[in-house]
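Peer 1: Letter by letter, the chains look like this.
There are 4 protein chains.
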Amino acid sequence: MSDPNAQPGAPPARYDDLTAVVVNCTLKHSPRASHTDTLLDVVRRIFSKHGVGVDSIRLVDHAVAEGVYPDMTEHGVAEDAWPELFVKVAAADILVVGTPIWLGEKSSVCQKLIERLYAMSAELNDRGQYAYYGKVGGCIVTGNEDGIKHVAMGVLYSLQHIGYTIPPQADAGWIGEAGPGPSYGDEVEGGARAGFDNDFTQRNTTFAAWNMLHLARLLKDAGGIPAYGNQRSLWEAGCRFDYENPEHR
Amino acid sequence: MSDPNAQPGAPPARYDDLTAVVVNCTLKHSPRASHTDTLLDVVRRIFSKHGVGVDSIRLVDHAVAEGVYPDMTEHGVAEDAWPELFVKVAAADILVVGTPIWLGEKSSVCQKLIERLYAMSAELNDRGQYAYYGKVGGCIVTGNEDGIKHVAMGVLYSLQHIGYTIPPQADAGWIGEAGPGPSYGDEVEGGARAGFDNDFTQRNTTFAAWNMLHLARLLKDAGGIPAYGNQRSLWEAGCRFDYENPEHR
Amino acid sequence: MSDPNAQPGAPPARYDDLTAVVVNCTLKHSPRASHTDTLLDVVRRIFSKHGVGVDSIRLVDHAVAEGVYPDMTEHGVAEDAWPELFVKVAAADILVVGTPIWLGEKSSVCQKLIERLYAMSAELNDRGQYAYYGKVGGCIVTGNEDGIKHVAMGVLYSLQHIGYTIPPQADAGWIGEAGPGPSYGDEVEGGARAGFDNDFTQRNTTFAAWNMLHLARLLKDAGGIPAYGNQRSLWEAGCRFDYENPEHR
Amino acid sequence: MSDPNAQPGAPPARYDDLTAVVVNCTLKHSPRASHTDTLLDVVRRIFSKHGVGVDSIRLVDHAVAEGVYPDMTEHGVAEDAWPELFVKVAAADILVVGTPIWLGEKSSVCQKLIERLYAMSAELNDRGQYAYYGKVGGCIVTGNEDGIKHVAMGVLYSLQHIGYTIPPQADAGWIGEAGPGPSYGDEVEGGARAGFDNDFTQRNTTFAAWNMLHLARLLKDAGGIPAYGNQRSLWEAGCRFDYENPEHR
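Protein chains in written order, with this note's numbering: chain S, 1 to 249; chain Z, 1001 to 1249; chain R, 2001 to 2249; chain D, 3001 to 3249.
Next up, chain S with everything else stripped away, as it sits in the complex (with noise of 0.2 Å):
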C-alpha cells in the first residue's frame, strides 16, 4: 500500500506573503455545520501550513444586499455589508468559492456573490487593467446527488470574465450516488463519514489547492498580468494593440 505521508522534496517556492479569501456560499448561517466548509477546511489547511494568510467569508452571516452596484446603500437599500467584504477580496491575492448545489445548480448566495464581484468589475487597478488582474480564482463544490461540474462552469467563468486567473484544474468536489444522501461529511454507517475515502475528491481538491498557490506564485512574482493589449483605461483612449477590423483586410 502506498505511504500517505510520502513526500516528495519540498515545494519549489515560498508562499507565506500571499492571501487567500474563501468564501462560504451555503444557505445555513452560522453557527450551523456547512457540509462545504468542511471541504473547504481541506484548501484552508494546506494554505495556512505554508504560510498564506486566511480570511474566511460565510456570505449568508452578512447583510449584502441584491444589486449591480458597489454599494447598494447609494441606491435605496438599508444596509449593504460588500463594500466592507469586497476590501478583502481587493487585498487578497486568490479567491476560493464554496458552494453546495442545489437542484443542479450553484447556490442563490453564490449567485449573488458572483453579482457583487461583477459590480466591481468597472474598477481598474493602477495599469488600466480590470481590479481583479493578476488574481488566481478556484472553487469547491459540495452535494449530495448531481451538479459539480456545472456549477464550477458557472463560478469559474464568472471569475475569469471579470479578471482572475483560473488554474488548471481549479474545481473540486464531492457528492454521492444520484438521489438524496448524505452529505459530505456526513457521519454514515459504520461511523465513517461520508466522501473522507474519495479518492478523487481528495487528489482534485489538493491538486486545486496547490494549482492557486502556484498560479498567485508565478504571477504575484510577475507583477501581475503584464500589462499591453489588456488595459481598459488606453482601450478606451484609442489604442488597439494590433487589433485589425477585419474589414479592413
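Read the hints as simulated data drawn from the structure, not as lab findings. Among the hints, erroneous ones may be present.
30 Å max Cα-Cα, derived DSSO-like pairs, lysine-lysine [claimed, not checked]:
no.: 1; chain 1: Z; residue 1: Lys1220; chain 2: S; residue 2: Lys220
no.: 2; chain 1: S; residue 1: Lys88; chain 2: S; residue 2: Lys49
no.: 3; chain 1: Z; residue 1: Lys1220; chain 2: S; residue 2: Lys49
no.: 4; chain 1: D; residue 1: Lys3049; chain 2: D; residue 2: Lys3220
no.: 5; chain 1: S; residue 1: Lys220; chain 2: S; residue 2: Lys49
no.: 6; chain 1: D; residue 1: Lys3220; chain 2: R; residue 2: Lys2220
no.: 7; chain 1: S; residue 1: Lys220; chain 2: Z; residue 2: Lys1049
no.: 8; chain 1: D; residue 1: Lys3049; chain 2: D; residue 2: Lys3088
no.: 9; chain 1: R; residue 1: Lys2049; chain 2: D; residue 2: Lys3220
no.: 10; chain 1: D; residue 1: Lys3049; chain 2: R; residue 2: Lys2220
no.: 11; chain 1: Z; residue 1: Lys1088; chain 2: Z; residue 2: Lys1220
no.: 12; chain 1: R; residue 1: Lys2049; chain 2: R; residue 2: Lys2088
Use these hints to put chains Z, R and D onto chain S, whose structure you have.
Peer 2: For chains Z, R and D alone, coordinates are given in the frame of chain S:
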C-alpha cells in the same frame, strides 16, 4: 522575462518562440465561409504579427471519430483523424477553440473536440502532471442570437479541467439582437458588415488574444506549472502534499 | 403590410377560471422600474384580457429567507415571507418566472425562488403526486447582452423537475447585440424603445403566453396529470407500475 | 379520455395507439454495450407493455451529417441519414433522448441530434404550428460521475424550444459517487449491477415514462396543442392574438 511596466507602444516581451493551435468548430465544411473563422482571424493576426506560430484546424473537415479513447481505430472504428491532430495540440503552447452557437449551445463538432481532448487526459508529461499542464486556453464564439457566455462556460471549464490555464477574460464573441439575423461579418444594409463596429467584441477579442500570449509567456518562462502537489504519478504512488483528511482532526 | 389587428376567429376555450402567479426576479426593489416587468406585462395583458386571475410578486420586495426548508423561521431565521407567498403559488394554475440576466446567469433572486419552490417539493397533492403536478410553468428573460436561453434552461428545468408541465416554446425574452447597451424598453435614439420592434420577442412572448393558457386549460379539464405511475406515496408503499429492474431479465 | 381517479391496479387509459422514438446518443457503435441503453430499456419496457409502438435509433450507427439544414446532401455533404430518421421522429408522439455524460456535458452525438431536430424547425404542421407541436419529450441520462441535471437542462430546453411539451419530471438518470467508477449496469463487487438498486433512479425513470404517456394521451385526445396564438403562419400573416406592444400603452 516580461516587463510589466512596458508602455503601450511596445509589448513587454517577445512571443516568437510560442505556438498556437486554433480549432474552428464550425459545422460547415471547407470551402464554405465560416463566420467564426472571421472572428478567429482577429486573434490569428495578433498572434502572427508577434511571431507566434499558428496552426489552424477546421475540425469538421477531418474524419475525427466519436469516442473517448485516444485512437478509435483501436476500438473498431474504420478511420480516426484525431491522433494526428492531437500531435499538433500537444505541441502548441496555446489552444484557441472557436465555435458557433446553435440553440444556445456549442456545436456538436466542438463537443466532439472536447471529448477527444478529454480522451487524452490520462497522458502525463515527464513530471507526472496531466499533459495539458503549462498550456493556455481561450475561446471565441459567434452566433446570430444568443449564447456566447453559456458556450464559453462549457468550453473554458473543460479546458481548465483537463489542465489548461485560463487567462483573464479569455473568452470573446459576437451575437446580434435577440432573434435570427445576420451573423458576424455578414454584409448588412449600407454595405457594412455585422459586428465589425462592435467595440465590445473588438475589445474583448483583443484582450483575450493578449492575455493568452501573456500567460503562455509566463508559463513558458516558468518551465510550466511548478511540479508539486499536482503530479498524478506521485499521487498514485501515495504522496499527499499536505492533504489532511478532515477525519483525522 | 400585415394587419396587426387581424384575428383568425376566436380562442378555442374560456380561461376565466384559471389563475396565474407572475414572479419578477429583478434585483431592483420597488418602485424602481424593471425592464423584466415591462416584458412580463405583455404576458399579463394577454392573460388578463381573457379573464385569467393574475397575481404579481416582485420577490426582492419581500423578506424571503435563504434556505431549503418550507419555513425558515422554524430554523432560526428571524423573518421569512416565503410561506405566505407559497400559498399564492400553490393556488395558481400557471407560474411565470421573469428574470434579468447578470453575467449570463439568472438573478440570485431567481435562484432563491427556485430553492424555495424546491423546498416545498416534499408536499404531495391528495393523489400522492408532487404538489406542483397539474400546473404549468414558463419563463420570461431580459438582459442587455447575452443569455436568454441559458437562463431559461435552468428555470424551465427546475420547474419540470419539481412537477410543472412545460408547454411548447414556454420561454421568451429580449437581449440586444453583444456588449452593454440599452435594456428592454429603454428609450433609444429617435424616441423608440429598445426591443419593442423585435418581431422575434413579440412572437415568442405571445406564443409562450398562449401555450401556457392552452396547457393549463387541458390539464385543468383533465383534472390534473392522471394519477398512475407517478404517485410518490404509492411508490413508497411499494407500487412499481411496471418498472422492471433490468437485473431481472 | 383519461380517468384521473384510476386505481393503482390499472392505468387510467389505453396507450396502444401511441408511438415513441427512443434515440440513444451513446458514442459507442453497435454492437458494443451501451449503459445508457440499459436504462432506456426500463422506459421501453413500460411503453411496450402498454402497447406503445417503440422505435429505437442508435444515432452513432447512422451516417448523420453535421449541419443545420434538413438534408445536408443538398449542401455538398456526400451522405446524410437524417432525412430518413426524421420521418420516424415526425411520426412519433413521444421522443425519448438518451445520452451519456462526458466531462459534465451531453455527448456530441446528442448535440448533433439537437442540431438536426432544430434544422427541421421551419416545418409547420397543417395548422401552421411548428411541426413538433403536440408531441412529448423526455430525457434519460447515464454517467459514472456527475452531470445528469445539467445534461437534462440542455436537452429538455431544446425540445420545448422547438415545440415539444415537457411533462412533469421528464428526466431521469444514474450516476455514481464523484469520480470515476462503474457505469450503470456494470457488474460490481458481489455480482450486483451498478445502479440497479438505486430507488431514486428507479422511481424517476418510472415517473418519467408514465408522465410521457399521460401527456401524450392528453395531447392526442385533444388533437394536439390548440391552434390559437401559436401559429407561425398566421403570425407572419399579421395576426397578433392580443399581443400589445408596451409602447402603445
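Peer 1: Given the proposed pairing of D/Lys3049 with D/Lys3220, does the C-alpha separation stay at or below 30 Å?
Peer 2: 19 Å, holds
Peer 1: Hinted pair, alpha-carbon criterion (30 Å max): D/Lys3220, R/Lys2220. Please report holds or violated.
Peer 2: Cα-Cα ~16 Å, so holds.
Peer 1: Given the hinted pair S/Lys220 and Z/Lys1049, is their Cα-Cα distance within 30 Å?
Peer 2: 28 Å, holds
Peer 1: So if I understand the rule, the pair passes when the alpha-carbon distance is 30 Å or less; does R/Lys2049 with D/Lys3220 pass?
Peer 2: 28 Å, holds
Peer 1: Quickly compare the C-alpha distance for D/Lys3049 and R/Lys2220 to 30 Å and report which way the hint goes.
Peer 2: 28 Å, holds
Peer 1: Take a quick look at whether D/Lys3049 and D/Lys3088 sit within 30 Å of each other, Cα to Cα.
Peer 2: Answer holds: D/Lys3049 to D/Lys3088 is near 21 Å, not above 30 Å.
Peer 1: Could you grab the alpha-carbon distance between Z/Lys1088 and Z/Lys1220 and see if it respects the 30 Å cut-off?
Peer 2: Satisfied, since the Cα-Cα distance of roughly 17 Å is no more than 30 Å.
Peer 1: Next pair to validate is S/Lys220 with S/Lys49; report whether the Cα-Cα distance is within 30 Å.
Peer 2: 19 Å, holds
Peer 1: With the threshold set at 30 Å, check whether the alpha-carbon distance from R/Lys2049 to R/Lys2088 stays at or below it.
Peer 2: 21 Å, holds
Peer 1: Does the structure keep Z/Lys1220 and S/Lys220 at a Cα separation of 30 Å or less?
Peer 2: Holds, because 16 Å separates the two Cα atoms, which is no more than 30 Å.
Peer 1: Next pair to validate is Z/Lys1220 with S/Lys49; report whether the Cα-Cα distance is within 30 Å.
Peer 2: 28 Å, holds
Peer 1: Please verify whether S/Lys88 and S/Lys49 have alpha carbons no more than 30 Å apart.
Peer 2: Roughly 21 Å between the alpha carbons, so the hint for S/Lys88 and S/Lys49 holds.
Of the numbered hints stated above, none is contradicted by the structure.
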